[in-house]
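Novice: Using the sequences provided together with the hints, build the complete structure.
Chains as they are written, first to last, in numbering that gives the first Met the number 0: chain V, 0 to 331; chain U, 0 to 635; chain E, 0 to 389.
Since the hints were made in silico from the structure, they are not lab data.
Note that the structure is predicted; figures quoted are calculated from it, not measured.
Note that beta-carbon positions come from the ideal geometry of N, C-alpha and C, so glycine has one too.
Take every hint as true, because none was put in to throw you off.
One side only, chain V facing chain U, incomplete, derived with CB under 10 Å:
hint: 1; residue: Tyr-84
hint: 2; residue: Asp-98
hint: 3; residue: Gly-165
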Amino acid sequence: MLRYILWRIITMIPTLLIISALVFTIIELPPGDFFESHIAELRALGEEADLAEIEMLKARYGFDQPMVIRYFRWVSGMLVGDFGYSFEYRLPVNEVVGDRLWLTIMVSVVTITFTWLIAFPIGIYSATHQYSWGDYGLTFIGMVGIAIPNFILALVMMYLANIWFGTSIGHLMDREYFNQPMSWDKFVSILEHLWIPVLIIGTAGTAAMIRRLRANLLDELKKQYVITARSKGLKPRRVLLKYPLRMALNFFISDIGSILPAVISGAEVTAIVLSLETTGPMLIKALQSQDMYLAGSFLMFLAFLTVIGVLVSDIALALLDPRIRFGAGKHK
Amino acid sequence: MITRRALLALLGSAAIPTALRANSDTSLDSAFLRDRIESGELPALSKRLPKNPRVIDLKSMGREPGHHGGELQMLIGRAKDIRYIPINSYSRLVGYNLELALVPDILESYTVEDGRVFTFHLRAGHRWSDGSAFTSSDFEYFWNEVALNIEIARGGPPIAFIVNGEVAKFEVLDELTVRYSWSQPNPVFLSKLAAPIPLTLALPAAYMRQYHANHQSAENLAAFIEQYRVDDWVGLHRKLSRQNRPENPDLPTLEAWRPTTAPPAEQFVFERNPYFHRVDENGKQLPYIDKFVMNVSSSEIIAAKTATGDSDLQGVGLALPDYTLIKEGESRFPIKVSLWRRTQGSSVALYPNLNCRDDVWRPLFQDVRVRRAFSLAINREEINQVLFYGLANESANTVLPESPLYKEDYARAWSFHDPDQANQLLDEAGLSKRNSQGIRLLPDGRRADIIVESAGEKTLETDVLELVTDHYRQVGISLYTRSSQRDIFRSRTMGGNVLMSVFNGLDNGLPSADMPPTQLAPSNDDQLQWPLWGLHYMSSKKQGQAPDMPYMQELSALLDEWMVSTSTEQRTDIWTRMLTIYSDQVFSIGTVNGGLQPLARSARLKNIPESGLFGFAPTSYLGVYLPDTFWFDKEG
Amino acid sequence: MTSPLPESGAELEHYVSDAPYDPNSIENNEAEGPLAHASQLRLMWYYFRQHRLALASGIFLVLVYISILFSEFLAPYNLHTRHTDAIYSPPASVHIFRDGSLVRPYTYGQTMTLDMTTLRRNYTDDLNDIQPLRYFCRGDAYQFWNLFESNLHLVCPAEGGQLFLLGTDRLGRDVLSRTIYGARISLTIGILGVLLSFFLGVIIGGLAGYRGGIFDMIVQRMTEVLQSIPSIPLWMALATIIPLTWSPLLVYVGITVILSLLDWTGLARAVRSKLLSLREEDYVVAAQLLGANSTRVIRRHLIPGFMSHLIASATLTVPGMILGETALSFLGIGLRPPITSWGILLTEARSINIIALYPWLLFPVVPVILVILAFNFLGDGLRDAADPYK
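Specialist: In structure tokens, the structure reads:
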């Protein structure tokens with residue numbers, strides 16, 4: 000078991016390295032750089048004095064050095080926790096990012112939990128009552144959930160939540176709690192706001208998961224051992240709970256791997272529209288102003304989150320499913 | 000020392016039940032500071048105000064004196080926008096009043112001799128927000144230790160202090176008097192002090208000394224450098240002394256509100272400055288509002304949040320299309336919204352690039368008949384109706400009617416809709432041949448296609464261009480729009496790769512004669528119609544090209560003349576001549592001005608005019624309207 | 000259990016038919032139906048047809064894609080036609096009854112009043128101004144396929160009247176017409192992007208599966224990497240690379256390439272795994288033994304085996320592409336005006352302003368949903384039918 004975990008962690012490292020190279024190249028590709036746009040903006044504001052500071056920053060962060068060297072400096076910095084400097088905010092990236100990282104994780108985790116909770120019973124119902132009206136109806140609703148673009152749903156729900164429930168527009172909490180430490184009221188305020196993005200991001204993932212769960216469960220139910228159990232007189236429910244469900248559980252755990260990137264992606268767009276305090280809005284602003292280190296760090300963080308998530312799901316799957324541990328492979 | 004008046008007020012208020020007390024608060028000092036005064040941390044009001052504070056007579060302005068208290072919430076699109084506090088607070092050595100005349104604000108008085116010797120008198124007893132005295136030594140610190148310090152000011156003292164190569168002579172006459180002088184007039188000096196982002200003349204010496212290499216030990220400096228994550232003491236000093244972006248809660252200030260939150264944050268709280276130098280006519284220290292809170296949001300939802308009552312005062316981030324929603328929100332939330340006018344010379348203006356690389360278009364753009372035709376072809380009434388509900392002024396890109404320099408001729412110049420005359424002018428200019436679709440042909444046979452580039456920041460520009468494209472098709476010119484990004488857009492214009500650009504009109508559409516007419520002549524390389532000529536002027540003739548068109552030399556000469564002018568009459572005359580040339584020669588093509596700006600506020604906020612002029616220059620957004628005199632009424 | 004078990008070693012009861020041997024018995028066996036000897040394609044079609052929803056979706060999509068060719072004809076107005084007197088006009092209702100009897104469909108003319116307190120344009124029906132719709136009529140002029148000029152439209156307003164079935168936007172442009180035109184860009188980006196992915200996926204996956212070895216390992220690593228990066232942030236980053244000064248057409252191509260760059264991995268994996276399993280099939284070995292070279296083996300024997308699966312997978316990635324383009328345009332980093340796609344139309348409806356006051360501008364989301372649903376159902380149906388021998 001331990002060997003398996005170690006092996007997975009070791010293979011994660013080259014993956015992350017390749018991702019970092021990819022991210023760095025992408026960040027570097029846009030023509031122009033942050034300084035040009037920043038200088039133009041400074042002049043528009045009349046802040047001439049800061050031009051000298053920009054020269055200093057340029058020299059310090061080695062913008063006169065070739066790309067490869069800058070890449071190595073960035074990666075080596077990340078390993079010790081120095082994610083570089085955000086030129087837009089004039090602060091190290093660590094300080095700018097603040098709470099956004101763990102809020103991103105929280106939103107993703109809550110969404111996945113929500114997805115599980117909804118998809119599980121619905122998937123089982125669909126599989127056991129195949130071709131019934133309930134099955135068709137739920138499938139259809141699920142499909143519609145996938146088809147509606149997140150951002151439109153976000154806008155409409157943000158507006159409706161304000162009209163019906165008086166929830167303030169955007170953000171993850173009311174403004175009086177912004178700078179305050181966590182308290183019960185702040186927690187309640189976050190919950191009031193959180194359900195909107197979770198619902199939006201979750202709908203697409205839920206529908207997809209229901210479909211896959213249904214398909215997997217149907218496959219399981221057709222297998223020999225289920226027929227044997229039924230023919231031996233086991234009650235249908237017990238049959239269901241004892242065997243195929245265990246396989247379905249496997250499926251859930253392994254499905255995190257495919258759902259996590261989608262959830263994080265969906266979360267980004269939704270966060271931008273709703274102006275949440277997660278990585279999304281900051282990422283798009285950083286990309287547009289070519290704030291290189293900030294954008295690169297966010298992308299790396301998101302990729303890292305995904306890779307870790309897949310790792311966790313693989314390990315959890317290995318724990319649950321002895322076949323994996325003993326190398327039989329989980330794909331047919 | 001508590002004055003008798005305050006003592007009686009306190010005793011009196013103790014005897015009156017709370018409900019009544021709230022309405023009859025006679026204390027001259029804000030309750031917000033009461034604890035700190037009682038604990039001895041802050042002295043009483045009489046010790047905190049200068050001996051001769053600036054009295055704002057509200058009744059004579061048509062406003063009501065108010066009472067202290069309240070927290071004002073405002074939304075900003077990015078953390079950088081906390082710079083709006085010093086802009087709105089508008090505490091300046093000299094500032095503009097509502098008639099756009101210069102009045103001393105921080106200064107008690109000033110004198111100008113020959114337009115070249117400026118003597119400033121400070122107010123006795125005026126203190127920085129941390130209680131340290133505000134005296135001429137703060138000016139001296141800035142001059143000797145910053146402006147003249149070769150490490151901080153690497154390229155020499157700031158350009159604003161140099162007239163024709165001569166650096167200002169700075170003298171301290173006594174504790175409360177300083178003098179700046181040149182041998183030639185410097186008419187632009189005072190307007191720089193009254194600008195939204197003013198020229199710095201003084202820094203809090205006692206505070207800043209601890210971050211200066213001449214006054215602080217190297218080890219302590221090294222510790223600070225590490226703590227503030229800068230590279231050297233120069234960076235340290237610069238970072239901590241930035242007044243136009245209030246990120247340093249410890250930096251003493253003279254503005255009405257001082258920062259208490261350091262970035263990064265989603266919410267920035269500004270508290271009243273206990274040593275602010277203005278009072279109302281009853282002696283109450285301004286500002287009325289105790290706290291100014293800026294909440295960072297995303298610019299796309301600012302309008303929606305304002306319409307649902309999440310902002311107490313909002314102008315930035317709102318545009319005319321948002322007005323309807325906010326107006327309808329008045330019935331559900333305690334907000335009010337009114338329409339102010341923008342101060343730009345034109346909401347959207349077209350700039351044919353007279354320095355473009357294209358050898359065929361350049362002489363055409365430099366031909367005044369072509370520019371006049373471009374202006375005549377535009378149907379400004381349609382633009383006004385479609386995009387501004389008919390409420391804006393159809394006009395050329397020139398000063399607003401509210402400016403003392405306005406003449407109707409400037410607005411009317413070549414700005415009526417006359418496609419026939421436009422066609423005729425274009426024919427005369429050599430573009431008489433057309434192809435089968437009716438598009439004119441250039442002398443070298445190409446179609447008259449113009450790609451108009453924009454900085455891509457406003458949908459208003461795209462919309463106006465859609466309308467203008469149709470107008471131009473009727474005179475045989477075909478336009479294509481391309482959105483770009485501000486920096487790329489400017490660099491391309493400067494490189495001559497852009498034929499025509501679209502942007503705001505004159506930045507300051509409300510000039511008085513004492514403001515420099517730099518926008519009307521080549522003066523800067525980011526002027527979109529003549530970047531190379533502007534660069535030439537800016538670099539003291541070292542880079543760029545010298546203007547070689549008729550009237551160009553005249554405009555440049557008039558600008559130079561203004562820069563050495565000595566009297567307002569002289570300056571008014573120069574402005575008039577420049578405005579006449581500028582409008583007659585149509586160096587930029589305006590569409591409408593006086594565009595409308597919704598200004599939303601809490602229904603309880605008083606002393607905000609129902610209508611006014613909103614813009615960066617010269618009104619400094621709300622600065623000229625004195626936001627320190629706004630107050631919250633306890634009833635709605 | 001009706002009879003006792005036989006003794007061990009005894010012969011079991013069995014039955015042997017004494018009918019004469021008929022070599023064509025299978026073909027003649029009507030019980031099995033005409034499918035018994037149908038070709039693979041016919042079998043697939045048979046199974047596909049049974050999936051009603053997939054069939055309906057397929058027909059719907061074919062119709063929609065054909066409509067792209069005739070957008071100018073179908074749309075009542077041209078793409079850029081403006082009506083300055085009908086800004087933010089709400090959707091018109093078409094009536095077919097008047098005074099209780101069935102009449103030719105008509106709408107009412109609209110009178111516009113500008114409310115100066117709220118700065119809102121209010122439209123009321125003018126009951127005296129009956130405007131019957133015209134069909135196959137003359138309206139705005141357009142260039143048909145850049146070949147010839149025409150002005151024939153499927154439906155137009157009455158002479159001198161207006162017909163805004165889905166209302167107008169802030170410049171007075173008809174939302175329905177713009178949605179019809181927008182289909183061109185949105186739908187073609189999806190198909191072109193998928194074609195590009197398909198191409199990349201088949202080649203790379205095919206090589207990996209067939210050759211194996213180092214190449215296979217590299218490709219596996221690469222696909223793993225690309226699949227671990229969340230797509231939207233990566234698309235956002237890539238989209239900001241596109242220089243803003245490119246012409247709209249180049250931007251369109253650029254966005255298509257970007258969208259397909261991330262999606263080929265799924266197809267490549269599918270191709271690879273299919274190839275790996277099929278490579279060991281008996282018929283491949285047989286073909287090789289009979290002397291076929293690798294090209295012939297791949298082309299004639301392997302590809303037909305998994306092509307159907309690929310087509311099913313490809314169909315299921317089109318929705319992702321359409322959503323991707325819509326999302327990027329919505330965020331302002333994909334296509335930009337004057338190109339009109341559904342994403343750009345939705346960007347114009349992005350503020351709460353619009354949702355509260357002029358919700359009809361959100362209509363372009365309906366075709367997005369329908370097309371994505373259709374592709375999903377179609378893909379499901381194709382996937383179920385893909386392996387008819389299952």
